[in-house]
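Asks: Residues per chain are reported as follows:
2 protein chains.
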Amino acid sequence: MTDTLTARILAGDVRAAGRLMRQVDDQHPGARAALDALFAHTGGAYIVGFTGNPGSGKSTLVNAFIRTCRQKGLRVGVVAIDPTSPYSGGAILGDRIRMQEHALDEGVFIRSVATRGNLGGLSRSTPALVQVLDAMGFDVIIIETVGVGQDEVDIARVADTNLVVAVPGMGDDIQATKAGIMEIADIFVINKSDHPGADRLRRELKTMMSLVENPPEDAWTPPVVHTIATEHDGLDKLFEKIEEHRAWLDAQGQEGARARRRIEHLIRLIVQGELDARLARAMGSQAWKQEMDALTERQDTPWRAAELLIAMLGGEA
Amino acid sequence: MTDTLTARILAGDVRAAGRLMRQVDDQHPGARAALDALFAHTGGAYIVGFTGNPGSGKSTLVNAFIRTCRQKGLRVGVVAIDPTSPYSGGAILGDRIRMQEHALDEGVFIRSVATRGNLGGLSRSTPALVQVLDAMGFDVIIIETVGVGQDEVDIARVADTNLVVAVPGMGDDIQATKAGIMEIADIFVINKSDHPGADRLRRELKTMMSLVENPPEDAWTPPVVHTIATEHDGLDKLFEKIEEHRAWLDAQGQEGARARRRIEHLIRLIVQGELDARLARAMGSQAWKQEMDALTERQDTPWRAAELLIAMLGGEA
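Sequences listed follow chains H and P, in order. Going left to right, the first sequence walks through residues 227 to 543 as this note's numbering numbers them. Going left to right, the second sequence walks through residues 227 to 543 as this note's numbering numbers them.
What the hints contain is simulated information worked out from the structure, not anything from laboratory work. Heads up, a few of these hints could be off.
Copies of the same chain look alike in the list, so a pair counts if it fits in one copy or across any two.
Unchecked claim - With a cut-off of at most 20 Å between alpha-carbon atoms, the simulated SDA-like pairs for lysine to any residue come out as follows: (1) Lys515 x Trp529; (2) Lys298 x Gly460; (3) Lys515 x Ala537; (4) Lys432 x Ala532; (5) Lys463 x Gln516; (6) Lys298 x Asp462; (7) Lys467 x Thr232; (8) Lys432 x Gly256; (9) Lys515 x Gly482; (10) Lys467 x Arg296; (11) Lys463 x Val450; (12) Lys463 x Gln249; (13) Lys298 x Pro441; (14) Lys515 x Arg530.
Chain H with its partners taken away, still in its complex shape (with noise of 0.2 Å):
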């Protein structure tokens, strides 16, 4: 049975693909025995990260950046990590309004993450999507993420080059540097570049880089592309900016490193959910409820009851 699922994702089916990803978000069992099947032939894909704030037109730089690929004749598989609202079922919309436009073509295939809230669960999942879609033989694979803070910090260990997409006249010098998402960008892309204010971000952005004290020698300068993705200008540019990122990790032998980084990051989200379910049976046990009871007396202290709840993740171990 896994077998032949394993076999027909290898195969480039996208259905058993699909199908595979469904058990993976549902933290099904079955998704387990495939996984470890798939990761002898995981490797080939180059991983390419677009992040940036709502209002950046990301969404349609990276699908511009699918048509760019697809004309140099490279097969593209995408994870687009959607914070899910309860209001709307964003992830899924926004999924089907850019399916349309690359429903027809075999060399795409894009995959929403919805992330669950409270799991911690953004980017949970998205390691192991990656790992089907590179198995499944994609030359370009991109990860599209939305906001800024750890989430980032996340993705940028499974990207090989990070793009980082900003946006004229959206806010003032402090609140750019609040972003905390410059320190993992490879690239910067101004998108809406015919916006006013282009150029002041440019100058903002250059000026933020010249404040790197003592950069190495060797050290990679991110540069910033121009991009107007409604009328796919400037994508040409941005796909050679990341073919000379790849170039200089060639040469840096950094690439190796990466992969390594890569598969210690996926260990560690696996490691993560594990404890995060051992966590959940022990905080759901009668003794846990006594010792909440405690707590909300003041009688005990939470550092001395995060001592408890290890011992009882220990016990289990």
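Given the coordinates of chain H, assemble chain P onto it according to the supplied hints.
Replies: Just chain P, lined up with the frame of chain H:
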């Protein structure tokens, strides 16, 4: 030593509080005893979360809200969570600028938290810092966060009332739903409400809320408040709506449940920190290096490696 520090903090000594907060940030072992001792004195503060994208004028709004609270004789503590940029030291800069207004006011204490990228640190120390402010007797504690995603959901578990700050003209419908912070909002604030598009944004927010299927009869419907923080406009209305939400929580009997969830959340963060430390030790071992060599050669799989790692953790528990 710890007794003295604790006593000084309970007496409202801001220097002593600052010292303990630095110990918390640095994960200094001495912090634990002081936090244990302070815990019995917590639970009196009302906690308000301010969340919104960069560019929403959120920091200005928080400043204006502090002023409103001070006018009512309330003492205010602030924990501002700023992803640190290696280019700018943004957190410290923002802190200094804001401190200027309230520098001479002993009824205001502002503390910025640096997030330190990859340690999942965004929310790790926040609950402990909130506890220190709570024990010091601040009436209102503000937690200010940037951006969207998992971090905001974590923050929501700490706050009694969560404000989501939006601003007109920063994106279309689909992008608004991507924000993923709609689900945590108790109150929506449209800041810069004199900008074009404020009414449209209000309609969009109302439409999104109307899409909730079968809400419980006694559910809280998040109000939409218009503010112009730079002109101190709408702040009394905002304060009023927070009081209404507080009264609703009291009527629901949910304050106790929230307090309990808050403690449980704090414990989770403490446990997480300890497990991360054990994981780091295991992944620094020679046995792990050999396993990683096998993995990069695709001679083992990440899922089997995760089992090995969990066994290594359990042995230390």
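Asks: All hints, please: hold or fail.
Replies: Outcome of the hint check:
1. Lys515 x Trp529: Intra 16 Å, inter 33 Å, cutoff 20 Å: intra-copy only.
2. Lys298 x Gly460: within (15 Å within a copy, 55 Å between copies)
3. Lys515 x Ala537: This pair counts as within: shortest intra-copy Cα distance 16 Å, inter-copy 27 Å.
4. Lys432 x Ala532: neither (46 Å within a copy, 41 Å between copies)
5. Lys463 x Gln516: neither (62 Å within a copy, 41 Å between copies)
6. Lys298 x Asp462: For lysine 298 and aspartate 462, only the intra-copy Cα distance (10 Å) is at most 20 Å; the inter-copy one is 59 Å.
7. Lys467 x Thr232: neither (35 Å within a copy, 55 Å between copies)
8. Lys432 x Gly256: For lysine 432 and glycine 256, the Cα distance exceeds 20 Å both inside one copy (49 Å) and across copies (42 Å).
9. Lys515 x Gly482: between (48 Å within a copy, 15 Å between copies)
10. Lys467 x Arg296: within (17 Å within a copy, 52 Å between copies)
11. Lys463 x Val450: Cα proximity of lysine 463 and valine 450: one copy only (10 Å, versus 44 Å across).
12. Lys463 x Gln249: Neither way: lysine 463 and glutamine 249 sit 38 Å apart in one copy and 48 Å across, limit 20 Å.
13. Lys298 x Pro441: neither (35 Å within a copy, 50 Å between copies)
14. Lys515 x Arg530: Only inside one copy: lysine 515 and arginine 530 sit 15 Å apart there, 34 Å across copies, limit 20 Å.
Hint violations for this structure: numbers 4, 5, 7, 8, 12, 13, all remaining hints satisfied.
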